[in-house]
Amino acid sequence: MPLETPSRIVQALAEHGYNAEREVVTLLAGADDPAAALETVVEATPDNALRVTTATVRQTLDSSPPAPDPAAVTANSTPSANTSVSTPTKNPEKPTQTTDTPVETEGSSDSVTRAATTEERPNGEGASSRSPQPAEITGDITGRSTGTGEYKQFVTTFRDRYKRLSKLLGGRVNHRPASAIQSMGGGSEAEMIGLVNDIRSTASGHWLIELEDTTGTFPALVMKDREIANMVDDLLLDECIAVQGTLADDSGIMFVDSLFVPDVPRTFRPSTADRHVQAALISDVHVGSQEFMADAWNRFADWLHTEEAETVEYLLIAGDMVEGVGVYPDQDEELDIVDIFDQYEAFSEHLKAVPGDMEIVMIPGNHDAVRLAEPQPGFDEELRSIMSAHDARISGNPSTVTIEGVSVLMYHGVSLDEVIAELPEEKASYDEPHKAMYQLLKKRHVAPKYGGKMRLAPEEKDYLVIDEVPDVFHTGHVHKLGWGKYHNVLAVNSGCWQAQTEFQKKVNIDPDVAHAPIVDLDTLNMTVRKFA
Amino acid sequence: MRADDERYFDRIESRLDEAMAVAQRAKGQGKDPEPEVEIPIAQDMADRVENILGIPNVAERVRELEGQMSREEAALELAKDFAEGRVGDYDSKAGKIEGAVRTAVALLTEGVVAAPIEGIDRVELLDNDDGTQFVNVYYAGPIRSAGGTAQALSVLVADYTRSILGLAEYKGREEEIERYVEEINLYDKDTGLQYSPKDKESRFIATNMPIMLDGEATGDLEVSGYRDLDRVDTNASRGGMCLVAAEGIALKAPKIQRYTRQLEEVDWPWLQDLIDGTIDGEKDDSDEEAEEDASDAEADEGESENGDEEGEPDGPARVKPKSKYLLDLIAGRPVFGHPSESGGFRLRYGRARNLGFATAGVHPATMHIIDDFLATGTQIKTERPGKAAGIIPVDSIEGPTVKLATGEVRRIDDPEEALELRNGVEKILDLGEYLVNYGEFVENNHPLAPASYAPEWWVQEFAAAGADVQALQDDPHVDLESPTATEALQWATDYDCPLHPKYTYVWHDIPVEAFETLAAAVADGELREGGDLLVVERSETVQTSLETLLVAHQQTDETIEIRDWLPLARSLGVSEDLTKEWDELSADARTWDGGDNAVKAANEVAPFDLRERAPTRIGARMGRPEKSEKRDLSPAVHTLFPITEAGGSQRDVAAAAREMDEQGRRGVHRMQINQRQCPDCETQTFKSQCPDCGVHTEPHYECEDCEVVCEPDEAGRVECPRCEREVTAAEWQEVDLRKEYRGALESITEREGNFEILKGVQGLTSANKTPEAIEKGILRTKHGVSSFKDGTVRYDMTDLPVTAVKPEELDVTADHFRGLGYETDIDGDPLRHDDQLVELKVQDIVLSDGAAEHMIKTADFVDDLLERFYGLPAFYDVDERDDLVGELVFGMAPHTSAAVVGRVVGFTSAAVGYAHPYFHAAKRRNCDGDEDCVMLLMDGLLNFSREFLPNKRGGRMDAPLVMSSRIDPAEIDDEAHNMDIVENYPKSFYEATLEKTDPESVDIKIGEDTLGTKDQYRGFNHTHSTTDIHMGPSLSAYKTLGSMMDKMDAQLELARKLRAVDETDVAERVIEYHFLPDLIGNLRAFSSQKTRCLDCDEKYRRMPLSGECRECGGRVNLTVHQGSVNKYMDTAIEVAERFGCREYTKQRLRILERSLESVFENDKNKQSGIADFM
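Residue numbers (the UniProt record's numbering), protein chains in the order written: chain Z, 1 to 532; chain S, 1 to 1174.
Hints listed in this document are in silico derivations from the structure and should not be mistaken for laboratory results.
A hint or two may mislead.
Listed next, the stretches of chain S that the computed footprint assigns to chain Z, with coverage defined by at least 3 CB atoms under 8 Å from CB atoms of chain Z [stated by the list, open to error]:
hint, region
1, 1087-1094
2, 1109-1118
Derived DEER-like restraints, expressed as beta-carbon distance ranges [said to hold, decoys possible]:
hint, chain 1, residue 1, chain 2, residue 2, range
3, Z, Lys505, S, Asn235, 24 to 32 Å
4, S, Glu576, Z, Glu333, 51 to 59 Å
5, Z, Glu333, S, Asp835, 56 to 64 Å
6, Z, Lys505, S, Gly192, 16 to 24 Å
7, Z, Glu333, S, Gly1140, 14 to 22 Å
8, Z, Gly484, S, Gly192, 37 to 45 Å
9, S, Asn951, Z, Thr267, 54 to 62 Å
10, S, Met1044, Z, Glu23, 43 to 51 Å
11, Z, Glu43, S, Glu1153, 29 to 37 Å
12, Z, Glu333, S, Gly192, 19 to 27 Å
Since the model is a prediction, treat every value here as computed from it, not as a measurement.
Backbone N, C-alpha and C define an ideal beta-carbon position, used for all residues, glycine too.
In isolation and in its complexed conformation, chain Z is listed as follows (with noise of 0.2 Å):
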């Protein structure tokens, strides 16, 4: 809960009633977890004073430890006394706010209400021996938002996608700039690696591309009757590829002979982890849509409370926590909550209702109230306090999760949309999403084609590029539910928790509702659980 601006210290301080001395700003600013050291001075500060002192702040800062690890601190704050595990809540009741909760083992006002919930629930996770390590997590966009949305900075981006995709590819061919294979001589051999700029076909049925680096663009032609030609058919623009062939004796456009995308290596050996423990990777809740299936999500909860859920340590949620507001037109018509904080409130109700030792990690979706343009920064500090049960990370969209030594890409899959719409029916199709989700691994991107329905903030590099192949990548947004592995990869689209919408009825889309696809981190198997 970065507190990073010393204005929002400022009205955290107003909240709470104080005034404070512009020293106090500073100081808490440039504090280890100024949320919590803004807590601590809080609790430090005389309930009758105005005005919070330098003094206090010193004295406090001074004082108390570094802000603890927040899954620690869930660990720590489990009663362990109690030890029945049969019977599982239900429906969990409604936090009572408890001010008490010593300051030493709570790092913000935020854990207050998890604590509180986890002791009003006496039977439940009490025993379980859920011992989840905080994940660590890579390439978040959230809070390191630096494009202003300049020309310039489009340029970086996708100049940083070329830079990193063609490091990938670099060991295949021996790259010429296309300015110098401008000026060679025809019939030389010649290798190139950009961007595709262009796919057209030729009136003669032939595929002429046109590929793109920092220099300028040479175009390349598949031949129809080639065996590369098949491989025309998967290229989406401004994906990176790189060819190799002989160029034309005009010397103006390259006869492919082969062609290579940055792919995953077939001697990919994913990590695992070293001890029997699972992960539920699920996504597209929708709370607040009149579709949303609230007993299936709590067969859900009740389920993880159980002894064989025992294992299931972490929650991976993949976007679209909430129905949200304006997504598209009349929504209000057909949402059960209209007022979005209100959805993500109930949201955080429905998380409490999973055991409180799990460690839970989220990222935003294309319903969530954060921008769309990708990526997508985690949610805002207003809805990380409504959010706040169970501490769970929040992380921008997409991120790259490390638990128990295994890697998950996470990404809401929005791209999947027009993966599908492009390429083939056997390919890539809604029926299975996972297919979908082997394209972008090997072209080692979440979202390569720009322009159309993908939206791009321009930022200092291209978040969206899969750098490091990962050991689990984790997609949503198309309520399909569909697993695979590709190259060792796991592959996994989550269902969702929303029953058919009348668009979906239109379009002929029949969701798949109430799954949780479980990993065994260890083995890196799946197994799908039905809550419907």
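Please arrange chain S on chain Z, whose structure you already have, making use of the hints.
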């Protein structure tokens, strides 16, 4: 035709001939692409058809057939002629069918619209799978302008011709049929169809259609299922085809059937199933059908005009409120009334001389009171009878009723008074009357809505009750329109006749309870000033009731003072001495309309009958503002001469002529330009006149590849005999622009300093890239006019109708009018005075002040051109504006290809072009906010050339390919025939409105009734007078207010003032329909945008990796910037707060605001200063 009309047309035509003779001499010099005037005169429809199509002998045959049969039948007869070779010179069967189809469409559109040439690309013969040949008609987007009936009939004609020629029927393959189904749906979703056929209908049509409907791709959207078909060239949606199938065949099936029945050769038995909806044997799951039926039913409900409430006997006759006009509300364009809301416009029937043909009359005082948002010609979107209407001022109806800050409630019937009081208006209680003529209801096929009680109705009831109306009319002391209270009460009690409307209040708008309270309050009141003034105690109910009833009064802190109070008191059942004469209302009166309507109560207790004063309220909002502007291309073009990129973004010819190339030559540029050859000395040049011997040159067609010189065939097409490719007379040449420019200046002895800038074009878009003489451009810029793509100078105006005018209001004199051939006024008296009302002749038009000024400049340009370029005497010699009176102009509407000759008779300060409704209809326009242009006759004759027209789809639209010199009322858009032309409506009409009768069942004379008689050009009477056709503000506030923010503030301020408007709803709608879509759309556009080179305009789908332009190395930049994305953000949030919008709306804005911050703000570089701390 009457001798008078004959003289009128002769006058016009002789002036036209005079102009033609001059133009012919000028053009004959060979300085233009063609050595003759290129706008042929068409005397009638047959001529226009022939000229637009360019097929000889069609006109003659059309005239022959016209007398004997309907136009549709004539089209079929002509098809036979084409098939059998009697008309047209076509060898191939495909050619014959093409000729027949085009002719049919041209005939059915009166030879005015461009659909026959632009909407049908070609006809070809293809092979069925069984080896037989079938017909494929290739439609294009502009077929839209033909309308459904002509579209459908074009298919029938194609099939008829096919059967005569013995070709086979089209047998669609399975995937082709499914393609139709998918594609029609796609087009409907993307562009929208007037009628959306169900899947099974599309499938049924495609299966049974005996010819193949095909067309060119019109959209970017591609079908996803049935792609890459053998016999379909494109995967994108073919708009022309979809229109013909859906809006033509599916929608107009009953009309086509009428003709198929008459033809032996053509048999479309399947039409019956289509009409009956008994399509079976089709694979179609019933689910889909049920769902579609349900949604149809919903749509029907929304569309329902009628609102029959026969089932509810305890309520008044009302039409159902419709809210469709409020959709897509735009910021800055106010709502004047929510649907059928009390306080909104009150429907009154009648026609003023400037009303009819999709217009609505409001009082000029209303225009001022609503802060000048309505002016003459402003378009409104309206609840009924049509969808939109042009606003015209009428001051013989009632103005608005307002409550002033002083506490006074009064009606304002004087525009001056409205202006004086406007700032003191606290609340606009009522917008006043809204005049609509009977014909509008006929045209829109809208059941008559209950009429307001008005003097013209009352007087007929009065007469019917036995009053000697004639005697009273002759009595100078009596005003039947506006009697005194005593008179009104006396008449109402002496005769069995309802109380005069002047003293009839809107009893139906207050609830019964309020009626009772008011009656009690009046009975408790006190009389002062010898009984002239009634003072009642002020309470909220009494105050609201009096305001709603529209009773004029004065409010003080404690009391309410009412003058002329007796009719009010009597209506409340209170006697002259303030005794309430009743105890209790009957149950019937109390429960009438659920107790919300006190009209029964009033009728029960009053000693006379009271009719409903305003049973129909009409909601409206502002649509488009009126227009009166010169038409400039962007950037403006003075001369159609190519100057490449050398002229910069200003397209400055002088700059291009100066620019030095790599070899140090100035002004030499390589460009694509016309190649011509002198027939005498064989000099090759791009000029229309041989620079060596002065002879008119001819286009030189040489195949680029084969270097073969080709000749155009009879149809004007040029094909290389060797490679069979189409050849144009354009080629790449080096042109010494400097020499050309200097030469042009010299030839007309003009100095560069005499004009500001001469703008050319980057390149020519015509097929042969024929340039215009630079001299013309120099003279244009000198006189401050610019050219449209076809070489003409144009001025756009909103169309409004007028059937009678006063010379005075047009800023001309009776002398002028007599000079134009007007001899008598509308009553048949000799025309002597400037203020006499004169019936306007059909081709006479009134220019806006701006148009007149522009025409003067154009006239000066034309005179200069004649004298200095052609060496001929000046034609116009305009010294002052009056000199334009009697001059001829062309009127010409978008999407058409025929100009109509009009004659200028005067000027108006309104920003509109007033003309006879038949003149507008001849251009195929109505007056619901449509706009079109005028051109000065001689400018069109001298400067228009087909050679300049863009060589692309639609290039020949909006170009005067032919002109109509006289209007035949039978050959215009028949919408204009539905205008009523009587002096008053009968009593039975008003009574019929209460029954919500079908308008056709009422007998009132309309234009249609005089068609073909000698009176077809005259006798356009009206029921309501208006002092002046341009009263009220001269421009809508929408145009005079500066920023969008100002406009919106004014819009919301007005919403606050209007009783008939819910301001929160307005704010909500502006956010919902304008701001949110704008913000969301622009944010989406931002993050998926294309980029563009600032230097060479090259566009890139994605940012180039090199960062700079790959074409020219120039600076590439975004096409969507932050500023255009978030321009409305703060405004929207503020409006949502200020007007208490729903939390849902506010949250959407908040989320969007955060999205904007997230995209456009750097997390690591946020503002932090001391100011930021609190």
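Going down the list of hints, with the structure as the test:
1. 1087-1094: Held - the region 1087-1094 of chain S has 5 residues with a Cβ nearer than 8 Å to chain Z, which meets the minimum of three.
2. 1109-1118: Holds: 4 residues of the region 1109-1118 of chain S have a Cβ under 8 Å from chain Z.
3. Z:Lys505 / S:Asn235: 24 to 32 Å: This hint holds: roughly 27 Å between Cβ atoms.
4. S:Glu576 / Z:Glu333: 51 to 59 Å: 57 Å, holds
5. Z:Glu333 / S:Asp835: 56 to 64 Å: The hinted range 56 to 64 Å holds for Z:Glu333 and S:Asp835, with Cβ atoms some 59 Å apart.
6. Z:Lys505 / S:Gly192: 16 to 24 Å: Taking Cβ atoms as reference, Z:Lys505 and S:Gly192 lie about 22 Å apart, which means the hint holds.
7. Z:Glu333 / S:Gly1140: 14 to 22 Å: 21 Å, holds
8. Z:Gly484 / S:Gly192: 37 to 45 Å: Roughly 42 Å apart at Cβ, these two residues keep to the hinted range, so it holds.
9. S:Asn951 / Z:Thr267: 54 to 62 Å: 59 Å, holds
10. S:Met1044 / Z:Glu23: 43 to 51 Å: 46 Å, holds
11. Z:Glu43 / S:Glu1153: 29 to 37 Å: 34 Å, holds
12. Z:Glu333 / S:Gly192: 19 to 27 Å: 22 Å, holds
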